[in-house]
Structure formats: C-alpha cells, structure tokens
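Protein chains in written order, with numbering that gives the first Met the number 0: chain A, 0 to 241; chain B, 0 to 211; chain C, 0 to 225.
Don't read these hints as lab results, they were simulated from the structure. Warning: the hint list may mix true and false statements.
The calculated lysine-lysine pairs, modelled on DSSO-like cross-linking and capped at a C-alpha distance of 27 Å, are [to be verified]:
{"#": "1", "chain 1": "A", "residue 1": "Lys-79", "chain 2": "C", "residue 2": "Lys-113"}
{"#": "2", "chain 1": "A", "residue 1": "Lys-36", "chain 2": "A", "residue 2": "Lys-235"}
{"#": "3", "chain 1": "B", "residue 1": "Lys-208", "chain 2": "C", "residue 2": "Lys-113"}
{"#": "4", "chain 1": "C", "residue 1": "Lys-113", "chain 2": "B", "residue 2": "Lys-204"}
{"#": "5", "chain 1": "A", "residue 1": "Lys-72", "chain 2": "A", "residue 2": "Lys-108"}
{"#": "6", "chain 1": "A", "residue 1": "Lys-72", "chain 2": "C", "residue 2": "Lys-113"}
{"#": "7", "chain 1": "A", "residue 1": "Lys-108", "chain 2": "A", "residue 2": "Lys-79"}
{"#": "8", "chain 1": "A", "residue 1": "Lys-116", "chain 2": "A", "residue 2": "Lys-130"}
{"#": "9", "chain 1": "A", "residue 1": "Lys-130", "chain 2": "A", "residue 2": "Lys-108"}
{"#": "10", "chain 1": "A", "residue 1": "Lys-70", "chain 2": "C", "residue 2": "Lys-113"}
{"#": "11", "chain 1": "A", "residue 1": "Lys-79", "chain 2": "A", "residue 2": "Lys-116"}
{"#": "12", "chain 1": "A", "residue 1": "Lys-36", "chain 2": "C", "residue 2": "Lys-113"}
{"#": "13", "chain 1": "A", "residue 1": "Lys-130", "chain 2": "C", "residue 2": "Lys-113"}
{"#": "14", "chain 1": "A", "residue 1": "Lys-70", "chain 2": "A", "residue 2": "Lys-108"}
Residues of chain C clear of chain B, computed beta-carbon distances all greater than 10 Å [stated by the list, open to error]:
{"#": "15", "residue": "Gly-14"}
{"#": "16", "residue": "Gly-40"}
{"#": "17", "residue": "Gln-128"}
It should be emphasised that the depicted structure is a prediction, and the values quoted were computed from it without experimental measurement. Where a beta carbon is used, it is the ideal one built from N, C-alpha and C, also for glycine.
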Amino acid sequence: MSLIELNAVTKSYGSHQVIYDATLSIAAGEVIALIGKSGSGKSTLLRCLNGLEQISGGSLRIAGTPISYEKAKLRALRRKVAIVFQGYNLFPHLTVEDNVALAPRVTGKASGTEALKLAHRYLERVGLADKFRAHPRDLSGGQQQRVAIARALAVQPEILLLDEVTAALDPELVGEVLTVLGELAEQGLTMVLVTHEIAFARRAANRIAFMHQGRLHEVGPAEATISQPRTAELQKFLSAVR
Amino acid sequence: MREFSQNHMILILQGLGWTMALTLAAMIFGGILGLLVAVLRSSPNRWVSLPSAVLIRLFQGIPLVVVIFMIYFGIARTGYNVSPFVACAVGLSLFAAAFLGEIWRGALLAIPRAQWESADSLGMTSFQMLRIAILPQALRLSAPATVGFLVQLVKATSVCSMVGFVELMRAGQMVNGTTFDSFRVFGIVAALYLLINLPMSFAAKRLEKLKL
Amino acid sequence: MEFGVVLDHLPLLVGGALRGVLYAVGGFVIGIACAALIILGRMAWGRWVTIPSQIFVEIVRNTPFLLQAFFLYFGLAKLGVMMPGYVAAIIIVTFNSAAYATEILRSGMLGIPKGLLEAGDSLGFTALQQFRYVVARPMLRAALPALSGQFIIIMLNTSLLSAIAIPELNYEASNLASTSFRPFEVYVVVAVIYLTLSSVFAGLFALIRRRVSGSWGSERRMQDIV
Ligand SMILES: Nc1ncnc2c1ncn2[C@@H]1O[C@H](COP(=O)(O)OP(=O)(O)OP(=O)(O)O)[C@@H](O)[C@H]1O
Ligand SMILES: [Mg+2]
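Please put together the full structure from these sequences, using the hints given.
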C-alpha cells in the first residue's frame, strides 16, 4: 500500500485553478523530487500534502486515511507529515534546542528532559551538536535550515516535505544541507522535496515529478527522467536550468 | 418625574448640535494651530521647536478636563467673564492642535529630505516649497490618523459637560435628571455618538488600507 | 497666586491620585488579559469570536468614556442591574483597556511573519499552543510601545470617574476648588500631579521595554528571520 495517494487532485484559488488532475502514489521510503518552473504549482501541491492548503477536488490519502480538514484530524496528520520551508521560519524568541524540543514537548507529550534529549539527538544528526543554546539569529542560513530540518524530524514524522530548502542559501552553504538530506534519504525516510538542484534530485531521489502549468507533466525514475526526458517541456526545462 | 417626550428628544438633539459645533471649532482652530505646531516642531532650532514640544507634552500628560478647568478658572481670575463654551472651545482647540501637530509632524518627517533640498534648485523659498509640495503630501500621508483623531475629538467634547456646558452628554444627563429613564436616555445618547463616530472610524480604516 | 491653602490639602489630592492610579492599573491589567483572551478566542473559533468582539471594540472605541460610565452606572440600574460605583468604575476602565488593547495586540500580531504561524500549524499545534508558544511573546513585544501609551491615556481618563462619585484626584480637586475659593491654583497643582504621574509611568514603561527587548532579542533581528 502506498503511503501517499493522490487521485485526480485539483486545487483552485477562487476561479484560478493552480493544480490540475494530479495523480501519484508514493511508497513508504521513497524520495520524490518535484521540479518545474516558477509558478507551476510545486509548492501548492506540496502544501496540500500536510493540509496547509485544502484540495478542491479529487482525493488524497495519507497512510490509507482520506485527508480531513477537521481541526483535530489535521493536527494528527501534521504529526505524521512534517514540512520544512524555504524561509526556515524558526521561532526567533527560542533557542535552537527549544525550537526543536517544543513540538515533542507540547504535542508529543514528552517530558521536558525527554524532549530536550530528543532535540539534541536530532541536532547532532544534522551536525549542530555545538549550537544547542544558540539563538536562531546567531546562526548562518545553512545552520538555520538544518535546525528547521531537525525541528521537523523531532516530530518523528512518517513523511518529510521540503520546499526549496536550499533556495535562500548562499552557494557555499547549499552543500551542508544537501548532505543532511542525502543521509535522511539513505536512512529510508519518505520525502517529497521541491528543488532546483537537478543534480541532487538525480542522485538522491528515487523518482522525479516534473510539474508544468499545474499538471504532473512527467513522472519517472530519477536517473532516466533526467538523462532521457520524454516530453518536450521537460527537455526545454532541463536545458534552461543547466 | 416626567415621561420621556418629544421635548426631551429635542433637547438631546440640540446637545448634539453643540457637540458638532465644538468639534468643528476645535477642528478649525486646532487644525490651523496644529499645522503651526507640526512645522515649528520639525524645526532644527531648539528654541523654535520648544513651545510645540511643551504643548504636546502637556496634553499627553494632563487630562483634558483639568486643562479646561485651568483655562476656565484662569481666565476668570483675570477678571473677565468667561462662558463655558469659550473655555471649552479654547481647551479643545489646544487639545486638537497638540495631537494633530504630533500626527502631522510624523508625516512631515516621513517625507524625504531630498524634497526639501530641491526647493533651492527649483528657485522656490522654503516656505513656498512647504506650502506647495510638502504639506499636501504630508496631509495625504496622515489622513488615516487625522480622521481617526476626529473620533477622539468628538468623544473629548463630552468632557465639556463637566464644566456645565450643555452639549450632547450634558443634555443627556439633564433629560435623565427629569425623566429618570436612564437606560433609554443614555442609550439614545450612545446611539448618537456612534452615528457620528462609526462612519469616521470606518473611513479611517479604509484610508489606512488604501495607503494613499 | 496663593498656593498655601492648596498645598495644605496636598495629602487629600495625592490620596485621590493614588486611588485613580489603582483603578487604572487594576482595570488595565484585567483589560489586557481580556484582550489576550479575545485574540486567543479569535484564533481558536474564528468569526464566532471575531464578529462579537469586533462589535464590542467598536462600541467602546466610538463612545465617550463618560457616557459609558453613566450608561453602566445609571442606565443599567434602571434595568435592575445595580452595582456600587467602584464596580462600575473598574468595569469601565477594564472595557476601555480591553477594547484598545485588542486592537493593539491585533496589529502586533499582524507583524508576526506568516511563515511562523504556518510553522506552528505544521507542527500540529492547537490554537492555544500556537498562541502560547508562537504568537504571545512577539505580539506583546510589538505591542508594548502602543500599550504603554494607552495606559497613560486610560490613567488620565480616570479623572472622569468623578462623574460617578469615585473619589479620585479630579473629584477631590473639585471639592477643594469650591471649599478653598482657589480653583485655579487647585487645578494647577492637579495638573502638576497628573504630569508627574504620566512621566513616572512613561519612564517605567521605557524601562520595561528595554528589559524585554534585551531578553527577547532586538526588533531588527526579529525582522532578519523573515
Ligand atoms: N494563496 C494563493 N492565492 C492565489 N493564488 C495563489 C496562491 N498561492 C499560489 N498561488 C498561485 O498558484 C500558482 C502556483 O504557485 P506555487 O507557489 O505553487 O508555484 P511554485 O511552482 O512553487 O513556484 P516557485 O518555484 O516560484 O515557488 C501561481 O500562479 C500562484 O500565483
Ligand atoms: Mg514554490
């Protein structure tokens, strides 16, 4: 059974349709990279997966359960499906460890010390063992982004969504975040990531989904899809970003 | 004790008229004086800006009712016979001048220095520049806060009831004193204040959103 | 000018001033708590709280303080809802504080980056958790300057409570003005007392603001995170 099942999903803002007929199954442990031009609907589709955006049509099942926008159900969903944003969105008034420990403590019912331990474990995992007590503002962009990843992981989700998590970073900081993502992929975490790093997508993802004008235009195995794109639109997109 | 009647309503509406008159007077005199306050307050010369600073500080730190009493008894002390209306109009005008001055000064500060400096190159005196280019912009910039202040001003006129001037609030109290129909009387008075103020409050919010 | 007789009664005036401050502080603290509850309610229940609270806010902000006092003290008594003057006074001060503080907190909340709220949502926070851990502190900090200004306005407004026979400064002043036959001098002294009080509170708030911005990080850095 697939972990995520999209069936003919559509999304409109008022009369403006943004996602058309998205059908896709994602198995547990799979890594899917969403690529495509700006405005093609990648973020919107991703945000549908944890209910930040409500789908307008079709069906969406996560771990077999149809998505529900009832508040309590939505909160339960979000403990299964975590998301990391391009802009980190760390809580500026909390230290790094508190940022990570907050959700386990208040939603996961871990005790204060358990939550901190958990936070330390995930911060070590993203290579920030020396920054527990720092404030987000005192970290570089790459470090902040890794804290954001640790914060999402600390919820112990089944699925991790990542929206252009390297896009705001200076080129020399991109590598450290990609390394962390590569490790997570190897460890078998299910991930859906929107990215402009084609080379990374090719290496770390199992499959690539190319979005074009709100549609999943071409979906296929990572290596083959990049080296031999079938549709003219993907060929054009790939030659443009190279 | 008497039944609430048409005559009482007329008394209240007359009070409303006086509330409007006070507001209007304070708007006009306070507006003119407020412009002066704003301009002087923006002056780099300390001695020029000091009086406006003092005026603003006084009204931010003393209740309006106390100021009006001071004016009322202060003028009385000099031997002149003051009417409560004059004391109130003077007090409210100064009150408006202080707050409008502060609002408009903020707007003046928001206009880039370069515009001031271009006065020379355009062959204008700085007074001409102020009148033709800077003030209109500043007034537009401060429109939401200015309209918002008018609501405060209308509410402030109610303080005049405390020196015995019969505006809307005082008229309500008087009618209440003869009819003892407190809920209805003060309900009507409240409705009348809302009638004047709500449209201005909404207009202020609109203006703020428009970001002219 | 003859201040001697006024200064003889200075303790009377100072006592009135302290009573006024007590009403202001009490009502303001309860009022801010109410405002925070209103904001929380809006986050949890949306328009079922937003619409009624907005009506409350607009009614309070668009009618004079004095009228509210009369309405509550005399108007409601007519309907059989009697209350002692001091209860009416504290309710009026609370209502005014709550109404203005709601608006101030709301605009403080507008300054919180949308991404932070989404981050809280995405971590599965309830409205209460979102309020407590994500919204409260940045909102309060952004609101502090406006709140301190509002407190001073509320404190000056307690001078109107004399209308419902609350023995605050202005009440004592008008008694003294008529018994001493030195009304002008009385009000000059009263003005000085109010000026002193508002300066003291302005200084106090500035101190709090400095402490708070020290411990929560400066405004500018807050913006950097966006
Ligand atoms: N809240 C919204 N209201 C209306 N339209 C929206 C909203 N959010 C996104 N859109 C529209 O949906 C379309 C897809 O946006 P989306 O952000 O999903 O694109 P994207 O592929 O992530 O682009 P980018 O690479 O620039 O992030 C765009 O045309 C955008 O204008
Ligand atoms: Mg996007």
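Do the hints match the structure? See the list:
1. Annotation: proposed proximity of A/Lys-79 to C/Lys-113 holds, straight-line Cα distance about 22 Å (limit 27 Å).
2. Distance check on the hinted pair: A/Lys-36 and A/Lys-235 sit about 11 Å apart at the alpha-carbon level, within 27 Å; holds.
3. Taken as a hint, the B/Lys-208 and C/Lys-113 pair is honoured in the structure, with Cα atoms around 19 Å apart against an allowance of 27 Å.
4. Distance check on the hinted pair: C/Lys-113 and B/Lys-204 sit about 22 Å apart at the alpha-carbon level, within 27 Å; holds.
5. Restraint check: the Cα-Cα separation between A/Lys-72 and A/Lys-108 comes to about 17 Å, which is no more than 27 Å; the hinted pair holds.
6. Restraint check for A/Lys-72 and C/Lys-113: satisfied, since their Cα atoms lie roughly 22 Å apart, inside the 27 Å limit.
7. At roughly 15 Å between alpha-carbon atoms, A/Lys-108 and A/Lys-79 fall within 27 Å of each other, so this suggested pair holds.
8. For the suggested pair A/Lys-116 and A/Lys-130, the alpha carbons sit about 14 Å apart, so the restraint of at most 27 Å is met.
9. A C-alpha spacing of about 24 Å is found between A/Lys-130 and A/Lys-108, which places the hinted pair at or below 27 Å, so the restraint holds.
10. Straight-line distance between C-alpha atoms of A/Lys-70 and C/Lys-113 comes to about 19 Å, which keeps the hinted pair within the 27 Å bound.
11. For the proposed pair A/Lys-79 and A/Lys-116, the alpha carbon gap of about 20 Å is at most 27 Å, so the pair holds.
12. Taking the CA atoms of A/Lys-36 and C/Lys-113, the gap is near 24 Å; set against the 27 Å cutoff, the hint holds.
13. The hinted pair formed by A/Lys-130 and C/Lys-113 meets the criterion: a straight-line CA distance of about 26 Å does not exceed 27 Å.
14. For the hint linking A/Lys-70 to A/Lys-108, the alpha-carbon distance of about 18 Å falls within 27 Å, and the restraint holds.
15. Taking the minimum C-beta to C-beta distance to chain B, about 17 Å, the non-interface status of C/Gly-14 holds against the 10 Å cut.
16. The claim that C/Gly-40 lies off the interface holds: its Cβ sits roughly 21 Å from the closest Cβ of chain B, which is beyond the 10 Å cut-off.
17. Residue-level check passed: C/Gln-128 sits 31 Å from the nearest beta carbon of chain B, beyond 10 Å.
Consistency note: the structure conflicts with none of the earlier hints.
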